[in-house]
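K.L.:
Next come the chains, spelled out residue by residue.
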Amino acid sequence: ETGVTQSPTHLIKTRGQQVTLRCSSQSGHNTVSWYQQALGQGPQFIFQYYREEENGRGNFPPRFSGLQFPNYSSELNVNALELDDSALYLCASSLTERYGYTFGSGTRLTVV
Amino acid sequence: QKEVEQNSGPLSVPEGAIASLNCTYSDRGSQSFFWYRQYSGKSPELIMSIYSNGDKEDGRFTAQLNKASQYVSLLIRDSQPSDSATYLCAVNLNTNAGKSTFGDGTTLTVKP
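One line per chain: the protein sequences are A and B, in this order.
Mind the numbering: the first sequence is residues 1 to 112 in this note's numbering, read in order.
Mind the numbering: the second sequence is residues 1 to 112 in this note's numbering, read in order.
Be aware that one or more of the hints could be misleading.
Stated by the list, open to error - Here are a few chain B residues that sit away from chain A, every Cβ distance over 12 Å (derived from the structure):
no. : residue
1   : Lys2
2   : Ser8
3   : Val13
4   : Ser32
5   : Trp35
6   : Ser43
7   : Glu45
8   : Met48
9   : Asp78
10  : Gln80
11  : Asp83
12  : Thr86
13  : Cys89
14  : Gly98
15  : Asp104
As the list claims (entries may be wrong) - Listed below are several chain A residues computed to face chain B (Cβ distance under 8 Å; list not exhaustive):
no. : residue
16  : Pro8
17  : His10
18  : Lys13
19  : Ser27
20  : His29
21  : Gly42
22  : Tyr50
23  : Glu52
24  : Gly100
Quick caveat, the hints were computed from the structure, so don't treat them as lab data.
Nothing here was measured: the structure is a model prediction, and the numbers come from that model.
We put the beta carbon where it would ideally sit given N, CA and C, even for glycine.
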């Protein structure tokens, strides 16, 4: 059974650019959630996908968007990058959120 | 006021002592509660979940839940240097459509 994998591990982008982050969920998990974690803070909920549909969204602007594919893998897209978007982006998969999440190793995004 | 609050710490305990980590939450109707451990530079790892009032023990870890007081805690007995990490409290808040909302974490240092 494979865990949650994210790519890339690190990324440096320029302000105004666009970025796509990828996540493969744990085998059997049909729910993927994305979180943003700034240094010294807890993860902040961006959105969740369940069976290819968005199933909840946190307080993030529309330039944060996502997709989930039939194999339950997922993408997070961020347009018009801002300096404050620099953070660790975490993908978490679950069968049901009642039992908690399995997190991937994260993508460290730096916007310069 | 944050929806999930933790003592920011840092918390320092000697090896072999009991470490006590606390968390309060705003939504009285919440049903699922979690503790995650996050080592520096790594992603969160689920270590405990609790759903009913009272204590739940797993090895050296005990989670305690008091829904009337909207309070959840984690006790680590016989603390080891390897327990040094940031501990994140997460609550599935009804106000967040049941999605996990995280506190900002408490950093624990166990001194040999």
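K.L.:
Need the list of violated hint numbers for this structure, in ascending order.
P.N.:
1, 2, 4, 5, 6, 7, 8, 12, 13, 14, 15, 16, 17, 18, 19, 20, 22, 23
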